[in-house]
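The primary structure of each chain is shown beneath.
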Amino acid sequence: MTFVAKPAVHHPRLPVNDLGLTRRDYEGSVSTLCAGCGHDSVSAAIVQACAELSIPPHRFAKISGIGCSSKTPSYFLNRSHGFNSVHGRMPSVATGANLANKELYTIGISGDGDSASIGLGQFAHIVRRRINMLYIVDNNGTYGLTKGQFSATNDKGSTNKRGAPNLYEAIDLVSMAIQLGASFVARSFSGDKKQLVPLIKAGLMHHGMAFIDVVSPCVAFNNHNGSTKSYEYVRKHSETVVAADYVPAAREITADYAPGTTERVSMPDGSTLHLYKVAEDYDPHNRVEALHYVQSRQERGEVVTGLLYLDPAAMDCHDILNTLDTPLNQLGTGELCPGSSALTAINESFR
Amino acid sequence: MSVTYNDFVIRFANVNGSGSASANGMFAKALFRMGIPVATRNIFPSNIQGLPTWFEVRVSAKGYLGRREGVDIMVAMNAETFGEDVASLKPGGYLFYDNTKPLASEFHRSDIHEIGVPIAQLLLPEFTDPKQRGLFKNITYLGVLTALLNIEFDVITGMVSKQYKGKDDLIEPNIRAMEIGRRYAFDYLDCPLPLQVKRLDALGDKIMTDGNTAAALGSVYGGASVCAWYPITPSTSVVESFERYCNQLRRDKATGKSKFAIVQAEDELSAIGVVIGAGWNGARSFTATSGPGLSLMSEFLGLAYFAEIPAVLWDIQRSGPSTGMPTRTQQSDVLSAAYASHGDTRHVVLFPSTPRECFDFAADALDLADRLQTPILVLSDLELGMNDSLSEPFDWDDSRAYDRGKVLDARALDEIGRFGRYLDVDGDGIGYRTYPGTHPSKGAFFTRGTSRDEYAAYTESPAAYQRNMERLLKKWRTASALVPKAEVVSNGRRNGVLYFGTTALPMPEALDNLAEEGIELDTCRVRAFPFGEEVEKFVREHEQVFVVEQNRDGQMRQLLVNELQVDPARLVPVLYYAGLSISANEIQSQIANYYSVNRISRMTEVKS
Ligand SMILES: Cc1ncc(C[n+]2csc(CCOP(=O)(O)OP(=O)(O)O)c2C)c(N)n1
Ligand code: SF4
Ligand SMILES: [Mg+2]
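Chains as they are written, first to last, in our numbering: chain X, 1 to 351; chain S, 1 to 608.
Mixed in with the good hints there might be a few duds.
[To be verified] Now the in silico label distances, taken between C-beta atoms and shown as ranges:
#, chain 1, residue 1, chain 2, residue 2, range
1, S, Glu487, X, Asp325, 42 to 48 Å
2, S, Glu534, X, Gly332, 29 to 35 Å
3, X, His292, S, Leu473, 54 to 60 Å
4, S, Ile416, X, Asp325, 51 to 57 Å
5, S, Gly256, X, Thr159, 56 to 62 Å
6, X, Gly20, S, Ser461, 21 to 27 Å
7, X, Gly339, S, Glu534, 31 to 37 Å
Honestly, the hints are just simulated from the structure, not real lab data.
Glycine residues also receive a C-beta, built at the ideal position from the N, C-alpha and C atoms.
I would like the entire structure built from these sequences, with the hints used as guidance.
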């Protein structure tokens, strides 16, 4: 499998942003994920959000762990550097990257296996460190890349492709993020671009830890035999995907619903996802209330989406550490080395 | 009776947490200030309060600073270990103890001198607070020792005044407690002993400090701006010192803001991840840990090797897992450092021997990491890291600029054709990198472990993988010429001795003693891995090479066999791994024994 660059032809009718750039200038390489994979929709939403924000497309640092979700930083913002690091350890790499240069927009992409299992510790600690970044978990309730094992966000009782039920409690990353001090916490659905794009924009613009749990269906391991679903959507460029196993293209799941209502979305495996759009009078500034709300809805089998908690005045890690305004990676010998005269005094202190 | 000057080992047996460390430290510092070579060793338990702890000072006019077996003077202040402390004295040695309670008969030894001072009783009328009395016990025995050993008293009192500067109300009682001891000694004991000190001028401009402090300072001077760590003995004081020096030396004058960021991470996996993230994004960064941390960091080290990201890791080695013995010194992470991680990985490792070398290597490691775009591991150990020892003073050349390696800025990117992150443009195996955010349309690339071509594009092509691995090997060969050279002393002897790190401390004494036995050896102090040509040459040119190291499995020897394709029979292991630092006696006896068993001729035999 080799890398396929997208042809650099600009469509004359694409809208341009304040920098005179189109959405194409924010795209990445061609995705090698399964056609219909929710993760691709998240990437598309990131592209749209960044383009609409008119941030120069080279001013991001994209960091991920390992998983299908963690592959996606290749599929957006090609003009920015990306780092596909180690399973579950995106948060530490993102911490270092952000400490080195506070001026870049740090985007961390992770999966539910990546963040809720192997990387649960790193997830918890980056949240409490309040790194100024957008942290997205593409949450599909499964280990996509290792072929469909249950992940720790999978709800107790839900079944896998072979019909076996998950026996263990689910970890809710949103509740954890609220509890551990994230200052921006949201949940969305990969198929709901209308909701997701504004959330991504808000998260990027937020100063501090912005966490978005994006429910992002895995069509490959929830699309078992006998499914009567029709595939209306065929992904763009699907013919360029070369995979070891044949995976039929599936319909991209979309949801479009009004605030204050519950929406039932059919998942590829036939189960039903309840989406509850937060009411317009919901107050996202009360941490305890937000936590209570999220969990009480969860008890009823509903997944609350939207901006769930926000503290716009929170400090980020650089504020806490009181670092210089100039990014640390721009300091040279002159700024960092105390010089030989200081050393003379130090030597004297050891005599 | 004949008097021996400046040549003894004194050991203080205390209870951990009893405040003895500062009194014992002052004792060593006083001798240092009298110009006498001293080396200190802490032997402490994995415990904060209550367990036994020993502090040993070796005093040697000849400048022998390694550990020497046998104790000449025992300051036995711990009832729990009293028996073994008495037993560890050499015949003719001096036992110093508090005789407020009489010595139990089972502890009497007819071949040593007993010096009892009723310290508790002397302090009773002077200090009402029992806690104070406990603390001042230490200062009082220090006072006795000044008289017994002929230590210049104003040197010590000067130190007390300096130590408590600003807390003046502590100076008077400290000096009073010391004088109580000193007066008692003059009144009731034969002072000074035949074993005593005398001012020397043997130290020049030397300083006395520990390797961890030096490593921290070198990291400040070398421009580390990000540090992430997880506490573990004996590495903790590297970062604690780094933070202290940063607060002092790295704050912006105008705003008071920090030109550094230190993260106490949730574990070592995270610590090395932070370091790698910062290195990827162009900040110099480092971590400090010990064996267990190195194990946890291994996955990430492999990633950094393949992804070619600068990082510096200090491993202050200790012995095996869990607690207890682990707070003892060892050189047992050689192999796990050199080959850390999965896939074909090999890491650059530096082996400092002195505080000065810790300082130098700290800055050099940051340069090497940037130049070679790879992790640099520095292997110190508890012996070097946590004990004060004599060292050349630190030195910094103000004309030195950091070597940030091959980094293209926006202008350079404009000037070149197509950018390829992993192209071997210069033929040394090292590509050009860019920092994130450098250029609006050029130079961005995606970092992954493997599966990439010269342009950093994703590929699973077998040929591309192999090309990349070959280039990494070329880079490895480049590294062997850039790392610190081994220190070789070759006088055309038939056999040689090879060693590294803290084994350098007892080595001069061991070599002198061996020479007296007719065994003369050339020496090679390895300072880095990959081995340079000089190491290869040394091994090639000597029939037998004794490889001295402080671990059970002869890890350096294995590395030499593996990397240099030497006949293992020519490399003779000399090993010590009991948790103390290797002594000159140990080295001497193992080598001499090998000569005897294998009937190798000695100089004296040749001469006769
Ligand atoms: C240390 C380590 N253990 C196991 C793996 C194998 N592995 C790769 S991806 C993955 C799970 C990914 O799941 P998730 O994060 O949910 O991503 P998804 O593929 O579902 O998007 C695992 C277990 C690995 N790469 N590294
Ligand atoms: S396996 Fe699932 S998560 Fe992975 S690419 Fe396919 S659909 Fe997406
Ligand atoms: Mg998943």
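Here's how the hints hold up against the structure:
no.: 1; hint: S/Glu487 to X/Asp325: 42 to 48 Å; result: 45 Å, holds
no.: 2; hint: S/Glu534 to X/Gly332: 29 to 35 Å; result: 33 Å, holds
no.: 3; hint: X/His292 to S/Leu473: 54 to 60 Å; result: 59 Å, holds
no.: 4; hint: S/Ile416 to X/Asp325: 51 to 57 Å; result: 31 Å, violated
no.: 5; hint: S/Gly256 to X/Thr159: 56 to 62 Å; result: 59 Å, holds
no.: 6; hint: X/Gly20 to S/Ser461: 21 to 27 Å; result: 37 Å, violated
no.: 7; hint: X/Gly339 to S/Glu534: 31 to 37 Å; result: 33 Å, holds
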